[in-house]
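S.K.: Chain by chain, the residues:
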Amino acid sequence: MIGRVGSHQMVRNFLAGMDDNNVRVAEVQRQLTTGKRVNNPADDPVGLGLALGIRHDLDAVRAWSQNIADSRSWLSATDSALGNHLEILQRAHELSVQGANGSLSAEARSMIATEMRALRDQVAETGNASLGGRYLFGGTRTDRAPFDLTVPGTVAPVDTGLLNREVGQGQVMSVNVTADRVLGPGGGTPDVFQTLTEIADALDAGDLNAVGRTGLDRLDAHMDNINSLRGEVAAKINRVELTSSRFAIDDIARQDQLAQIEDTDMAQAIMELRTRENVLQASLAVGARVIQPSLVDFLR
Amino acid sequence: MPSTFFGLSSALSGLMAHQRALDTTTHNITNINTEGYTRQRVDMRAAPSFPQPAVNTEVAPGQLGTGVQIQDFARLRDQFVDLQFRSQTATHGQLDARAKSLDRLNEVVDEPGDTGLTNLLGKFWSSWQALSLNAESPATREAVRSAGVQLAQGFADTRAQLVASQDEADRRITATVDQLNLWAGQINELNQAIGKVVGVGMSPNDLLDQRDLLIDRIAATGEVAVTTPGPNGKISLAFGGQVLVDGTSDTVNPVAVTAGGAVTVGGVPATVATGALRGLIDIRDTTVGGAGGYIAALDALAATVVTEVNSRHAAGFGLDGTGGRAFFTGTDAATIAVDAAVVASTDVIAASATAAGAPGNADNAVALSQLRFVALTIGGQTSTIDGAWSAWVSRLGVDADQASRLREVQEGVLQVATARRDAVSGVNMDEEVADMVRFQKSYNAAARMITTLDSMLETIVSRMGLVGR
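If you read the protein sequences in the order shown, they are chains G and H.
Quick note: the first sequence uses my numbering, first residue 1, plus one each step.
Quick note: the second sequence uses my numbering, first residue 301, plus one each step.
A couple of the hints might just be wrong.
Said to hold, decoys possible - Which bits of chain G does chain H cover? Going by a derived footprint, with three or more residues having C-beta under 8 Å, they are:
hint, segment
1, 48-54
2, 63-69
3, 136-143
4, 166-174
Said to hold, decoys possible - Covered by chain G, according to a simulated footprint, are these stretches of chain H (three or more residues, beta-carbon under 8 Å):
hint, segment
5, 403-415
6, 658-667
Hint data in this document are derived by calculation from the structure and do not stem from the laboratory.
Here a beta-carbon is modelled for each residue, glycine too, at the ideal position from N, C-alpha and C.
Construct the complete structure from the given sequences, taking the supplied hints into account.
M.R.: This is how it looks when you write it as structure tokens:
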């Protein structure tokens, strides 16, 4: 306990207290005006460490979400191109069934053969489908049409490179189906162009066995191939959609966490501001009393 | 038998003593706002009594008082409180210097913020993700390049801020040392002036105040030790354990700080463990600079970014089919930059994992974006690149927070020490005014005594011996 107080000591105490109170009011005001509880590392070093980690995750999740959105449009485009492809094969199947009918005249068969050849060119066209100027089935040669329209067939050398991207931490997924797989199931089945050409030739030649049996068998094999490719694409779409909705939830949850660490709790901050302002005003009122009177004021 | 006029001189001594007392009160009141001023008090005592014993002293009932005498103009100061104050002001100086520098850094790293490295790193990784979607697109390639340029710029800017704070600390060290030597010179001069006054038997109160104030100021920059004043009133002052002002030979040994942070006094190494000088040297050579400082940690991080990005980048191939090229150049946060070849053409950016003819191949871009999650050894610690940066920021935050908290505590402690000193040495206006009234009354009373004596003498001189006239 101090037994004697210098005049300046009172003023000094008052000033130190008022400075403190001013700083405390300014602190809450800053929280309120910026809406942020953490404005620089020292405000909450531990919280900021967490917040930066969450921002880092959030950033990654957003990049993956972007990748998923892009992948989904690529996969949908692939699916619809494969759908067109399947329709062409179905038409070819119908025509082959018609053409295998022995009661048809040679002219009628020749007309069917012509349509069959037209379908062949159409296959090349759907195979050259592109998205944003990039060929869907071109492998990593996205800048080159994978199918040759002048001499129907694939452009050699066939690029079988995969378009890979990350759709989650460490989950690299390819989104493209390459031209060689669209061409046919492989094995003993000739490619789709050769199959259609051979059917057309057989129609012209009147070889109904080649049309009705071998041709149809091969077309079935091709349709199965395309169906399985579509299944694969659909499975991928499914996968990224699931991941995407998970990311959407993650994104909200992480933003929530971030807000809890970084953002000002308005109600609390306003209460705090009122309290601190009251303390400041009280200290000013006390200061006015402390500073003013001395014995000089009472002596005459 | 005392003289008839004896009482007059006694009363006069009262007048004069209280005149001096009032003068001292005036001095106190006028210096109420003078920094370092110590209140003074007139110590009075009764003047020697009459008569003195001697062989032919007449026989009287006792000695007769002869009035009042001024014994001393006392300077109300407590040396122990000074010691406390000086040691607290040294700690405060150190913490204040540290907190100020860290506060500034804390504001400039911009975390959390848009131009902070967290954001720039995030943008950089995400740009590689975007590239993996569209590897042949000049637009996405450009995005990668500009994210790289911004990241390099972010590192360089952050480092420049750190170097600036180091430079500032360095300039403040120089200024503090200059100031310190100036004060030491002034103390030396005051020492000599005090010696002269003490030599003629007087108390140089106001010079002592000035000397103590200068010692307080030096104490805020480092630890001081003051010898007890010699018979001539001079003191010797040690700074960091070495003699700064020598009171016997009236010499000053200048303080200097080497580039390595060693403090010398007159060329002799001194130990300065506290004070503003310590705080500034620590900031310059340990906290910001030095092997374990912020700059070194940032450099280590930048170097890791350069080598890791480059090693993954070199494994891939650009649009032109050439591989083995660097993305970044440089070895630390100051020199990190996007390679000139990448600046010249975005085709150089190695998104592809195969040599040529596969513009859509983005496997290397995927691999590069995955670097974000790879734990590496950065500056002796295992962490991802982003993790190392947030650890860096947290460290700065903890340091700055701790420094300002400690300073706050120390401010309280210093306030108490100031209050204790003030309790002894501070001027209290009420007290002085009360004294003024007291001394004025005494002065008036002494004057009244003279009037009374005068009228007594009047009786003797003018009215006596008129019998029978």
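S.K.: Does each hint hold? Answer for all of them.
M.R.: Taking the hints in turn, this is what the structure says about them:
{"no.": "1", "hint": "48-54", "result": "holds (count 5)"}
{"no.": "2", "hint": "63-69", "result": "holds (count 4)"}
{"no.": "3", "hint": "136-143", "result": "holds (count 6)"}
{"no.": "4", "hint": "166-174", "result": "holds (count 4)"}
{"no.": "5", "hint": "403-415", "result": "holds (count 6)"}
{"no.": "6", "hint": "658-667", "result": "holds (count 7)"}
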